[in-house]
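Colleague: Chain order of the listed sequences is Y and C. Residue numbers for the first sequence follow the working numbering, so the first one is 54 and each next one is one higher. Residue numbers for the second sequence follow the working numbering, so the first one is 54 and each next one is one higher.
Simulated from the structure, these hints should not be mistaken for laboratory data. Just so it is clear, CB atoms sit at the ideal spot from N, CA and C, and this is done for glycine as well.
Computed beta-carbon distance windows for the label pairs:
#	chain 1	residue 1	chain 2	residue 2	range
1	C	G189	Y	G317	17 to 27 Å
2	Y	F99	C	I77	28 to 38 Å
3	Y	E175	C	S336	42 to 52 Å
4	C	Q163	Y	F99	34 to 44 Å
2 protein chains.
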Amino acid sequence: MAEKMDNRITLAHGSGGSLTHKLIRETFLPLLSNPLLGRLDDGAVFGVDKGRLAFTTDSYVVNPLFFPGGDIGRLAVCGTVNDLSMCGARPLYLSLSLIIEEGFSQPDLQRIISSVREAALEADVEVITGDTKVVGRGSADGLFITTSGIGIVPEGIEVSGTNAKAGDKVILSGTLGDHGMTILIQREGLGFEGPIESDCAPLNQMVSSMLEASHDIHCLRDPTRGGLATTLNEIALQSEVGILIQEDATPLNPSVSALCELLGFDPLYVANEGKLVAMVKASDSDRVLEAMKENKYGKRATIIGEVTGEHPGRVVIRTRMGTSRIVDMLTGDLLPRIC
Amino acid sequence: MAEKMDNRITLAHGSGGSLTHKLIRETFLPLLSNPLLGRLDDGAVFGVDKGRLAFTTDSYVVNPLFFPGGDIGRLAVCGTVNDLSMCGARPLYLSLSLIIEEGFSQPDLQRIISSVREAALEADVEVITGDTKVVGRGSADGLFITTSGIGIVPEGIEVSGTNAKAGDKVILSGTLGDHGMTILIQREGLGFEGPIESDCAPLNQMVSSMLEASHDIHCLRDPTRGGLATTLNEIALQSEVGILIQEDATPLNPSVSALCELLGFDPLYVANEGKLVAMVKASDSDRVLEAMKENKYGKRATIIGEVTGEHPGRVVIRTRMGTSRIVDMLTGDLLPRIC
Chain Y
54 MAEKMDNRIT LAHGSGGSLT HKLIRETFLP LLSNPLLGRL DDGAVFGVDK GRLAFTTDSY
114 VVNPLFFPGG DIGRLAVCGT VNDLSMCGAR PLYLSLSLII EEGFSQPDLQ RIISSVREAA
174 LEADVEVITG DTKVVGRGSA DGLFITTSGI GIVPEGIEVS GTNAKAGDKV ILSGTLGDHG
234 MTILIQREGL GFEGPIESDC APLNQMVSSM LEASHDIHCL RDPTRGGLAT TLNEIALQSE
294 VGILIQEDAT PLNPSVSALC ELLGFDPLYV ANEGKLVAMV KASDSDRVLE AMKENKYGKR
354 ATIIGEVTGE HPGRVVIRTR MGTSRIVDML TGDLLPRIC
Chain C
54 MAEKMDNRIT LAHGSGGSLT HKLIRETFLP LLSNPLLGRL DDGAVFGVDK GRLAFTTDSY
114 VVNPLFFPGG DIGRLAVCGT VNDLSMCGAR PLYLSLSLII EEGFSQPDLQ RIISSVREAA
174 LEADVEVITG DTKVVGRGSA DGLFITTSGI GIVPEGIEVS GTNAKAGDKV ILSGTLGDHG
234 MTILIQREGL GFEGPIESDC APLNQMVSSM LEASHDIHCL RDPTRGGLAT TLNEIALQSE
294 VGILIQEDAT PLNPSVSALC ELLGFDPLYV ANEGKLVAMV KASDSDRVLE AMKENKYGKR
354 ATIIGEVTGE HPGRVVIRTR MGTSRIVDML TGDLLPRIC
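Bound-form chain Y, shown alone:
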């Protein structure tokens, strides 16, 4: 019994006292160590040059915590790295704040922090500050993680959801719906046999190559909760433009496509965690597309439509028959706790 308890997180691990320090020293520092984190001050201090910084935050409440293609640790790093990238920023530093339910498995925590480490190494970012809170049994569901991030916006880059312009090409970096459908299968125990796994990935290196290929990338966004349809609606509203996409232009993995059809999900609304959509000046779009295809997370990148001056604030799909229909923002909730 004593041995078993030793493998569980207790309320005292969140007390700020000796067990909190032991957890930091024995679990977090060996995996995440760097000189800034190692100082263990109330915050981390680092130097910057004159310029522009991006700052973002996201809480992750995904259920289950482990899924094919990733876990909450990888998700928490990639999601925040991607949000910085979507500002045109080069991600530098992350904070990591944990809310843990009493009784949570210490080996699982270790495994999740190892994923944080691996994703941070892949994305070339450092976790430099953090916090750990523990709440009683039943007051949280296992583990929630909040990551915030800081990145540098290179000179000459102006990327914003407000910047899409009529005439821009709309480029999507790959298949839709992989993350959402993976979570659904895991959670509902569907026993679906198809090879579906989350696309959870850091996109910062692909974005760097894209921005080297063109400074006329007006808008970048990762279609997570709410899917591509919601993301395009956000941009159409923020930029006061119309967006026209072609039916069947969005790539789909065959198993995701089959499962969506079976269950009646529209992949346009299903969450992604390693995809981006870009609005790019038409004359630069082929160059940007080539840059994306050279990255392992952009091999299936493709132009799916264009920004128009018509029907501002609206997203429209043109069918193969030549007719059109409006695509709204997600209403209701397709699938809670996807990220």
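We have chain Y; now place chain C onto it with these hints.
Modeller: Same frame as chain Y, now just chain C:
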């Protein structure tokens, strides 16, 4: 029934779709609006000059959410503002990430975001980016908030838990234990009649005045979870110095003192949310003390001891009888979910 449901947070408020947008537009933006937040991009972009920045994060899981002297919103702003201040930084920007339990009261959420607004105004910081997640009933306890913060460290300032030096004076900004005892009374329904309220406050303006009075403030720390005893132990370990404090030198509100005695709590271990302890070069200590006393949160500031070259890593109390005893870091958990 329909009306009642309208006042509750639903899973769809966390979907990233139309209800999330409505919540942001109708609840968050009117209270927190500023040009950076208003862009609604995946992150906020701001300019910086060459220099040093501080970055910090904390999750807040306090129970109850509302208490005399504050609520989780005020706490989330003050805690992060104070962590930046303890790095010697001038706080600039905050992120705000919410994890909300399905069914949470929208008026309560509004009240909490109003507190965020007021505390941010008082501390002169802006909330520039955020996130909202909703989890099902029973998967969280009402509301958890994670704030991260960015601040500028002025030139010439070197404040760190590693910098305490033998000979430094130890200054405490005021009474101990007010926050912890307030939460205890609320939670346990003790019906204690004494006028006890949380000390929850932003200390950045006091810290600015202190740093104007002296650049030889070596170390600043706010004794939150684990109390003053744990904080002093952290500094003793990080700086490899001894710390000697005088018995009865720490100010206490009479009701806190009475309640601690009644319940057998040592105020040295009880959490504070608007206090700081500073290690200051002896020759500058009176000047720093004066600066603190001019601020409304430092009126009862006092020198409580000194840093020594003896017993490195240890905190020792000297009693009025001239004897000494070692004060350890908090072991176990005095009171969970204090912040």
